[in-house]
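Novice: Starting from the known structure of chain A, arrange chains B, C, D, E and F on it as the hints suggest.
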Amino acid sequence: MTFVDFIVTNAPALLVAIPLFAAFTIPAVGKISAAARNLWVMGTMLLTAAVAFILAFRVFSTGTVIYVFGAAAANLAVPLDSGGIPIRIIFTVDAMSAFMDVICAIVGTSVLLYSLSSESRNTNLEGYYALYLLMITGVFGMVSTGDFFNFFVFLEILSLASAGIIAYRIDGGLAVEAALKYFILSTLGAILVLFAIGIYYGQYDALNIAMIAQRMQFSMLDKIALVFLVAALAMKCGAVPMHFWTPDAYSMAPSSATAFLVVASQASLYGLFRVVFTMYNMTMNCATVGWIIIILGVLSMVIGVTMAIPQKDIKRLMAYHAVSQTGYMLLGVGVGLAVLGNTTLTSAYGFMAMEGGIFHIFNHAMYKGLLFLTAGAIFYRIGTRDLNKMGGLGHTMKYTMIFFIIGALAIAGIPPFNGFASKLMIYESVYLFNPIFAIIAMVVSILTLASFVKVFHSVFMGPQLPEYADVKEAPLPMLIGMGILAAIVILFGLFPQPVVDMLVAPAANALANQGGYIASVLGGA
Amino acid sequence: MSRIVRTGADFLYPAILIFGLYIVAHGHLTPGGGFQGGAVIATGGALVIVAYSYTEVSEWLSGKVLMGQEVIGLVGFIGVALLAFAFGQVFFFNYLNASGSLFGIPVPYGINAGELNTGGFVPLMNFSVGCEVWGGLTLVILYMLSGIRREES
Amino acid sequence: MIEQIPQILVLLGLIVSAVLTYYFKDLLAATLAAGLFSFLISLEFYILQAPDVAISQAAIGAGLTTAILIIAIRATGRYEEGSS
Amino acid sequence: MKKTVVLIGSLLILSAFLGVMALTLTFGAPKMTDMDDYFLRFGQEQTGTNNQCTSVTFDFRGFDTLGESTVLFCAVIGVSLIFRKMQAGEEYENE
Amino acid sequence: MLWNLPFITVVVLTFIGIVTVLMKKNIIKILLGINILESAVNLFLVSLGYREGGVAPIFTLAPSELMVLPTPQALTLTSIVIGVATSALVLSFAMVLKKKYGTVDINEIRRLQG
Amino acid sequence: MDLTAPVLTGYGIWAPVAWLAAFVAATIVVYLLWKTGESSYKKGTEQGRPYLSGNAEPEKGAVHIRASNLYWGFLQALKGYYDAIVPIHTGVLTDYMIWFVAVTAMLLVVIGVLS
Numbered sequence: 011m012t013f014v015d016f017i018v019t020n021a022p023a024l025l026v027a028i029p030l031f032a033a034f035t036i037p038a039v040g041k042i043s044a045a046a047r048n049l050w051v052m053g054t055m056l057l058t059a060a061v062a063f064i065l066a067f068r069v070f071s072t073g074t075v076i077y078v079f080g081a082a083a084a085n086l087a088v089p090l091d092s093g094g095i096p097i098r099i100i101f102t103v104d105a106m107s108a109f110m111d112v113i114c115a116i117v118g119t120s121v122l123l124y125s126l127s128s129e130s131r132n133t134n135l136e137g138y139y140a141l142y143l144l145m146i147t148g149v150f151g152m153v154s155t156g157d158f159f160n161f162f163v164f165l166e167i168l169s170l171a172s173a174g175i176i177a178y179r180i181d182g183g184l185a186v187e188a189a190l191k192y193f194i195l196s197t198l199g200a201i202l203v204l205f206a207i208g209i210y211y212g213q214y215d216a217l218n219i220a221m222i223a224q225r226m227q228f229s230m231l232d233k234i235a236l237v238f239l240v241a242a243l244a245m246k247c248g249a250v251p252m253h254f255w256t257p258d259a260y261s262m263a264p265s266s267a268t269a270f271l272v273v274a275s276q277a278s279l280y281g282l283f284r285v286v287f288t289m290y291n292m293t294m295n296c297a298t299v300g301w302i303i304i305i306l307g308v309l310s311m312v313i314g315v316t317m318a319i320p321q322k323d324i325k326r327l328m329a330y331h332a333v334s335q336t337g338y339m340l341l342g343v344g345v346g347l348a349v350l351g352n353t354t355l356t357s358a359y360g361f362m363a364m365e366g367g368i369f370h371i372f373n374h375a376m377y378k379g380l381l382f383l384t385a386g387a388i389f390y391r392i393g394t395r396d397l398n399k400m401g402g403l404g405h406t407m408k409y410t411m412i413f414f415i416i417g418a419l420a421i422a423g424i425p426p427f428n429g430f431a432s433k434l435m436i437y438e439s440v441y442l443f444n445p446i447f448a449i450i451a452m453v454v455s456i457l458t459l460a461s462f463v464k465v466f467h468s469v470f471m472g473p474q475l476p477e478y479a480d481v482k483e484a485p486l487p488m489l490i491g492m493g494i495l496a497a498i499v500i501l502f503g504l505f506p507q508p509v510v511d512m513l514v515a516p517a518a519n520a521l522a523n524q525g526g527y528i529a530s531v532l533g534g535a
Numbered sequence: 048m049s050r051i052v053r054t055g056a057d058f059l060y061p062a063i064l065i066f067g068l069y070i071v072a073h074g075h076l077t078p079g080g081g082f083q084g085g086a087v088i089a090t091g092g093a094l095v096i097v098a099y100s101y102t103e104v105s106e107w108l109s110g111k112v113l114m115g116q117e118v119i120g121l122v123g124f125i126g127v128a129l130l131a132f133a134f135g136q137v138f139f140f141n142y143l144n145a146s147g148s149l150f151g152i153p154v155p156y157g158i159n160a161g162e163l164n165t166g167g168f169v170p171l172m173n174f175s176v177g178c179e180v181w182g183g184l185t186l187v188i189l190y191m192l193s194g195i196r197r198e199e200s
Numbered sequence: 094m095i096e097q098i099p100q101i102l103v104l105l106g107l108i109v110s111a112v113l114t115y116y117f118k119d120l121l122a123a124t125l126a127a128g129l130f131s132f133l134i135s136l137e138f139y140i141l142q143a144p145d146v147a148i149s150q151a152a153i154g155a156g157l158t159t160a161i162l163i164i165a166i167r168a169t170g171r172y173e174e175g176s177s
Numbered sequence: 062m063k064k065t066v067v068l069i070g071s072l073l074i075l076s077a078f079l080g081v082m083a084l085t086l087t088f089g090a091p092k093m094t095d096m097d098d099y100f101l102r103f104g105q106e107q108t109g110t111n112n113q114c115t116s117v118t119f120d121f122r123g124f125d126t127l128g129e130s131t132v133l134f135c136a137v138i139g140v141s142l143i144f145r146k147m148q149a150g151e152e153y154e155n156e
Numbered sequence: 002m003l004w005n006l007p008f009i010t011v012v013v014l015t016f017i018g019i020v021t022v023l024m025k026k027n028i029i030k031i032l033l034g035i036n037i038l039e040s041a042v043n044l045f046l047v048s049l050g051y052r053e054g055g056v057a058p059i060f061t062l063a064p065s066e067l068m069v070l071p072t073p074q075a076l077t078l079t080s081i082v083i084g085v086a087t088s089a090l091v092l093s094f095a096m097v098l099k100k101k102y103g104t105v106d107i108n109e110i111r112r113l114q115g
Numbered sequence: 050m051d052l053t054a055p056v057l058t059g060y061g062i063w064a065p066v067a068w069l070a071a072f073v074a075a076t077i078v079v080y081l082l083w084k085t086g087e088s089s090y091k092k093g094t095e096q097g098r099p100y101l102s103g104n105a106e107p108e109k110g111a112v113h114i115r116a117s118n119l120y121w122g123f124l125q126a127l128k129g130y131y132d133a134i135v136p137i138h139t140g141v142l143t144d145y146m147i148w149f150v151a152v153t154a155m156l157l158v159v160i161g162v163l164s
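Protein chains in written order, with the numbering used here: chain A, 11 to 535; chain B, 48 to 200; chain C, 94 to 177; chain D, 62 to 156; chain E, 2 to 115; chain F, 50 to 164.
Excised from the complex, chain A in its bound form (with noise of 0.2 Å):
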């Protein structure tokens, strides 16, 4: 076997042993030297990120790609004298799982390089890289694994290193204030999910999401563990009226972190996505349960914005945007399970719903990376966040001012940037389905805009301040991780077809077709 072959093969299993064995080591890294430590740090997050990459390409080319633990063979899904049921822990990597891998490589690469000098002044970095890498893990593990009580672990890995790192600079209480009340709530959420993965191995003796899948009949206690993943992952993603957590841990997780908590906060919404789409799917009545989603996602959307408008706190205010860009990936994957049973309606609007959500993930995820890096950048040179005390800084910080007027034009859905691509496709298959939804999307739209126009005002505009006459720009490699999340901004902006033919397409296919899903893994059932 050659080396080409041992990456491609093992590529799911890389994925998560890569940054987990870096993760273990770097304690004994950090003792040699800062710049072993840096380089070490870099070196995995680069050489995951090409994992990623490869497996994406794979499961792009050649379809849903398994791996299961411990096998005789890492195609073994079911074992030939089992009588047909999977045993093992398997990663299911189908087009949805590797799209979330792209996001996570490309955020997680861009902001480590960021974070390599914009925490550069902080102690025991150690700790630090190793609570980031673990996060990546976390992220890694949950959009690729098939087997739900595996999600569950990787849930709580992710958890747990997203309340060490937001709680990372204590700032005299408040970072562990908010680090308590997302960690409390997660605990909360995780008991839940434990809850329903006990309903489902008490009633089908199965932890594979495949199998579970298979032997679904929508009981009663199906109906309660459907309720009780919904809630909780919903919870976790953000969605109105459980984000309360989200401004307090966005804006006291050190930036690079924050940015990173969106892809987290996106893993969430990914395990929702999967739970309705793979597990229930048909049995389950499809409209009631879209449209709890599209409720969720429009006061997502409302609330999230009009709290933002009124923010003083810079990246108070960008997490509130994230609540309600993140509505509008419910409201647009929820339109499509909505109308999911129905042939006709699926095919006039509810698959183009789908893709423009699936799709807006991702852009998502690159612009308000790009927004709390550049939010990062200013509290880096200046010391504050509050927006009052801000003014002028475009006179001395003209790079940053660029990257944060492409996020800014992004988040607002202004044509060329890639907001707008995905935000049309919701407009307009939301409005076939429903009009007031769509209107209200676009006031959400214009609303944004609004904040954003106000946070450019205060900070970059005005006359230059005395208090500010001596900063300088952001230093060189916390500009390139901006540059990195700026140009793919641009691109997907100006070519938005490719990437939804070769990226999106696939991806909300293999959402909607549970049945190659459970034929991916207990073969042509």
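Any given hint could turn out to be false.
Only pairs whose alpha carbons sit at most 27 Å apart, straight line, appear in this in silico BS3-like list of lysine-lysine [stated by the list, open to error]:
| no. | chain 1 | residue 1 | chain 2 | residue 2 |
| --- | --- | --- | --- | --- |
| 1 | F | 128 | A | 322 |
| 2 | D | 63 | F | 128 |
| 3 | A | 322 | A | 482 |
| 4 | D | 146 | B | 111 |
| 5 | F | 128 | D | 64 |
| 6 | A | 322 | A | 408 |
| 7 | D | 146 | E | 100 |
| 8 | F | 128 | A | 399 |
| 9 | A | 41 | B | 111 |
| 10 | C | 118 | D | 64 |
| 11 | E | 100 | B | 111 |
| 12 | A | 322 | E | 101 |
| 13 | A | 322 | A | 399 |
| 14 | E | 101 | D | 146 |
| 15 | A | 482 | A | 399 |
| 16 | D | 146 | A | 41 |
| 17 | C | 118 | D | 63 |
| 18 | E | 101 | A | 399 |
| 19 | C | 118 | E | 101 |
| 20 | E | 100 | C | 118 |
| 21 | A | 482 | A | 408 |
A short list of chain B residues far from chain D (calculated; beta carbon distances all over 10 Å) [said to hold, decoys possible]:
| no. | residue |
| --- | --- |
| 22 | 50 |
| 23 | 53 |
| 24 | 64 |
| 25 | 65 |
| 26 | 66 |
| 27 | 68 |
| 28 | 94 |
| 29 | 100 |
| 30 | 108 |
| 31 | 130 |
| 32 | 132 |
| 33 | 134 |
Worth flagging that the hints you see were computed from the coordinates, not collected in a lab. C-beta: ideal position from N, C-alpha, C; glycine also.
Specialist: Then chains B, C, D, E and F, alone, in the frame of chain A:
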């Protein structure tokens, strides 16, 4: 703490240590395993730490050593699993089972007396996990005590 | 029937110790009640033929969790005040 | 108190549904046991352990156990970060 | 039906746990509530795997062929260790908050709002 | 693969490259039109000074509008809405958990009983 508690802890700790190591080593035969054994030893460690004052403990018990122990345990765990790649197998494949080498005696189905030299890589993993849990949980207690100490001073 | 009596007693004890954990205003007493709860649930695991889990719960739940709780209570104050 | 009413109402609903769950499931006679029967039948030969719980923990579901160790590692690192000695000026004070 | 006692206990414990989490204001009391909830879930999982007349799934000692299901026990082991990790982190948060804010009362830990 | 293919949204199309070309063309046309105009501005004369009804020009730092003064009218117009929505974000963890449990209970009723 009083002298009685200290003496008790001194005598009890070796016994707890041996009991924990027994649980770890026989994890694949009798109830127990890495987690349980490691937790038992860490409980013994907690007893010792509570019996002595933090300043005394921190003289001869360094956080670095415990962290090193934890890292060794974790790297050992993932290393044992990664070693499957060297045999051309998939991650977490039990390459040692029924190979005839260390821990490689084949076990037929049914009730047997329980040979210690069985279990493939499971005993190795038990040892790594035991090492990790021992180090990790003791470290948690040590760090939390250091938090109290700094508050009191 | 007769062999279920120990189990019923243990389950009742579980509920009683959980209520005590809720009831005590003195956090140290509440922690001891939680330790008793952990011990009883480990006994219940043993009755349900799960010795591995029982050992684990006894060592971690009744031993270590109680230890770190006592450390935290020493740092944060012994009585909860002004609670409903 | 509106809050208390909401609290009690949701708790009652939650316990009612959990009660339905408790009465629907049958204790002592799992509905389906095919996966676990496989473990009990073949686990001993495939992993060489007499303790089937350990064989499930470390072999069949060994990856979960790795994740579990990782969770413990996360907690240790998180606690060590919280109680670290900070430099002067590292903390940012609001207000 | 009546002999579903472990499951009924799970429901009662869940109720007590949630009441403790929601009604108490002290962080340590809330953590005790979360511990009760976690133990309830663990008990739920282990009870799911119990078979009438079964013995522990260990071949060294087992006298008969009928064994209880091993998978829930493995899951519960994982869950217990996750529980202790959670407790450690929450208690450290509480200690730092006591040092910085001077209180562990949830009603007063609300500087982040709006 | 055609990089510049438009997105078909099922209702309309969106071709960013064509849009960008049109945008650039329009900018050029506007620029040309602007070029044909006649400039009456003379640098360095009285024209360049700010006209503030005869008052002295304030210091640079004082004319910057701070963030909380923006959208004052908007917030005032929606005062009822904001008075209702902002107090919900109390900052108390217990309230947040009650919201979570209440939403779970509501979904249980909606999915478990009604569907």
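Novice: All the hints need checking, so say for each whether the structure fits it.
Specialist: Evaluated hints:
Our distance criterion of 27 Å between C-alpha atoms is met by residue 128/F and residue 322/A, whose separation comes to about 17 Å. A C-alpha spacing of about 23 Å is found between residue 63/D and residue 128/F, which places the hinted pair at or below 27 Å, so the restraint holds. Restraint check for residue 322/A and residue 482/A: the C-alpha separation of about 23 Å stays at or below 27 Å, so the hint holds. For the hint linking residue 146/D to residue 111/B, the alpha-carbon distance of about 15 Å falls within 27 Å, and the restraint holds.
Only pairs whose Cα atoms come within 27 Å are accepted, and residue 128/F paired with residue 64/D is accepted, the gap being roughly 24 Å. Restraint check for residue 322/A and residue 408/A: satisfied, since their Cα atoms lie roughly 23 Å apart, inside the 27 Å limit. Among the hinted pairs, residue 146/D with residue 100/E is consistent with the structure: their alpha-carbon atoms are about 14 Å apart, no more than 27 Å. This hinted pair checks out: residue 128/F and residue 399/A have alpha carbons roughly 25 Å apart, not beyond 27 Å.
Taking the CA atoms of residue 41/A and residue 111/B, the gap is about 10 Å. The hint holds against a cut of 27 Å. For the hint pairing residue 118/C with residue 64/D, the CA-to-CA distance comes to about 23 Å; that is within 27 Å, so the pair holds. For the hint pairing residue 100/E with residue 111/B, the CA-to-CA distance comes to about 25 Å; that is within 27 Å, so the pair holds. Taking the CA atoms of residue 322/A and residue 101/E, the gap is near 24 Å; set against the 27 Å cutoff, the hint holds.
Distance hint between residue 322/A and residue 399/A is fulfilled; the C-alpha atoms sit about 10 Å from each other, no more than 27 Å. Restraint check for residue 101/E and residue 146/D: satisfied, since their Cα atoms lie roughly 15 Å apart, inside the 27 Å limit. In summary, the hint linking residue 482/A to residue 399/A is supported, as the alpha carbons are separated by about 17 Å, within the 27 Å threshold. With a CA separation close to 17 Å, the supplied pair residue 146/D and residue 41/A stays within the 27 Å bound.
Taking the CA atoms of residue 118/C and residue 63/D, the gap is about 26 Å. The hint holds against a cut of 27 Å. Between the alpha carbons of residue 101/E and residue 399/A the distance comes to roughly 25 Å, so the proposed pair stays at or under 27 Å and holds. Between the alpha carbons of residue 118/C and residue 101/E the distance comes to roughly 24 Å, so the proposed pair stays at or under 27 Å and holds. About 22 Å separates the Cα atoms of residue 100/E and residue 118/C, which keeps this hinted pair within 27 Å; it holds.
For the proposed pair residue 482/A and residue 408/A, the alpha carbon gap of about 10 Å is at most 27 Å, so the pair holds. Against the 10 Å criterion, residue 50/B stays outside the reach of chain D, whose nearest CB is about 30 Å from its own CB. At the 10 Å boundary, the C-beta of residue 53/B stays outside the reach of chain D, the nearest C-beta of that chain being 26 Å off. For residue 64/B, the requirement that its beta carbon stay farther than 10 Å from each beta carbon of chain D is met, with the minimum near 20 Å.
Against the 10 Å criterion, residue 65/B stays outside the reach of chain D, whose nearest CB is about 20 Å from its own CB. Distance check for residue 66/B against chain D: the nearest CB is about 17 Å away, which clears 10 Å, and the non-interface claim stands. Interface exclusion of residue 68/B from chain D stands, the closest Cβ pair being 16 Å apart, more than 10 Å. Look at residue 94/B: its CB is around 20 Å from the nearest CB on chain D, clear of 10 Å, so calling it non-interface holds up.
With a least CB separation of 18 Å from chain D, residue 100/B remains clear of the 10 Å interface cut-off, as annotated. Residue placement check: residue 108/B keeps its beta carbon more than 10 Å from all beta carbons of chain D (closest about 15 Å). The non-interface label for residue 130/B is consistent with chain D: the shortest C-beta to C-beta separation is roughly 13 Å, beyond 10 Å. Every C-beta of chain D lies more than 10 Å from that of residue 132/B, the closest at about 15 Å, which supports listing it as non-interface.
Here residue 134/B stays apart from chain D, with its beta-carbon at least about 15 Å from theirs, past the 10 Å limit.
When held up to the earlier numbered hints, the structure conflicts with none and fits them all.
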